[in-house]
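J.: Sequences are here, hints too, so could you generate the full structure?
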Amino acid sequence: MARDLDQRIINLYDRFTHGGINRRDFLDQLSRLAGSTAAAVALLPLLQNDYAQAAIIADNDARLVTDRVSYDSPKGKINGYLARAKAKGKRPVVLVIHENRGLNPHLEDVARRFAVEGYLAYAVDLLSLVGGTPASEDAARELHPKMNQDDAVAALVSAVTFLKSHPESTGKVGAVGFCFGGLMVNRLAASSPGLDAGIAYYGRQVPAAQVPNIKAALMLHYAENDDGVNAGIAAYEEALKANNKKYVKHVYPGTQPPSATTSAPRATTRPPPNWPGSARWRSFRKTSAHRQRPRDEERRSQGNSAASEPRRRCEFNRAASKAIS
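Residue 714, in the working numbering, is where the sequence shown stops; the numbers in between run on with no holes.
For the record, the hints were derived by calculation from the structure and aren't laboratory data.
Do not rely on the hints blindly, as some may be mistaken.
Claimed, not checked - Here are the simulated lysine to any residue pairs, SDA-like style, with alpha carbons at most 20 Å apart:
(1) K535 <-> G521
(2) K479 <-> Q599
(3) K638 <-> N614
(4) K635 <-> R593
(5) K466 <-> P523
(6) K630 <-> P582
(7) K634 <-> Q599
(8) K479 <-> S554
T.: The structure is reproduced here in structure tokens:
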């Protein structure tokens, strides 16, 4: 677990995953911190993603229909993964935005988690802008910096338009993103008046000058130990308040930036509240039909350890689900 690892090791891996250091240098420095090459090799499974271990909804789940679906944007054709229940009907939409490693099996699983909860879920591949997500995670990480972020925002704005008019959509669209995807949620909210709700996990913020453009209700999740991202929280929150924007913020004590990314074993420190599929979430859906009065879920979750939490699914909180239902 992340709390059992030397913080220097976690910080080193964070630098590596965000392109601040190459793989050879990462392994050399990890060996020095761990004390030996053998110890470094033993630590790698605690740091790296394990898509098979993290999977919750099978890709052939009998309840779901999944497809590879593309749409047009000003920057070219964008690919993605669409998941929804087999039962016919219109549903609110969740746009799932990946980290800096493109659309991988974990994000497809996240889309399926939303689909079994009753949403039309679309996991977008923004690396379509530079040829598509490679099979290798390292190759995807190396490709990511070649993608123009302004082009990615334009592609996401088009995704909102595409999903609002989808035959199985109610016309309500929310977005959830992790790390790079969290930044993209913030940028999308400032760029698309059609976005109804946004959930950003440990995502960097937009400049205060762009905040007046935001129409969506926002939920902002942050890990306590994420200095680079957290440095921008105060100014962002000040601008949101000054412009009377609807938002809530949660900072989770003792967590690292991937605290909501269940493909990483180190992410299992005190997860956010209300993971769909938990007993708490099912009770909420049953009693409120997505419209239960707000509770202090963050306060109640502070006393829970990772071991006491139900097995997590992808978080889609009550505020945002109300906005798009």
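J.: Evaluate each hint against the coordinates.
T.: Status of each hint after checking the structure:
1. Our distance criterion of 20 Å between C-alpha atoms is met by K535 and G521, whose separation comes to about 12 Å.
2. Restraint check: the Cα-Cα separation between K479 and Q599 comes to about 33 Å, which exceeds 20 Å; the hinted pair is violated.
3. Distance restraint check for K638 and N614: the Cα-Cα separation of roughly 16 Å lies within the 20 Å cut-off, and the hinted pair is therefore satisfied.
4. Distance hint between K635 and R593 is fulfilled; the C-alpha atoms sit about 18 Å from each other, no more than 20 Å.
5. This hinted pair checks out: K466 and P523 have alpha carbons roughly 17 Å apart, not beyond 20 Å.
6. Distance restraint check for K630 and P582: the Cα-Cα separation of roughly 18 Å lies within the 20 Å cut-off, and the hinted pair is therefore satisfied.
7. At roughly 12 Å between alpha-carbon atoms, K634 and Q599 fall within 20 Å of each other, so this suggested pair holds.
8. With a C-alpha separation of about 11 Å, the suggested pair K479 and S554 falls inside the 20 Å cut-off, and the hint holds.
Of the numbered hints given earlier, the model fails hint 2 alone.
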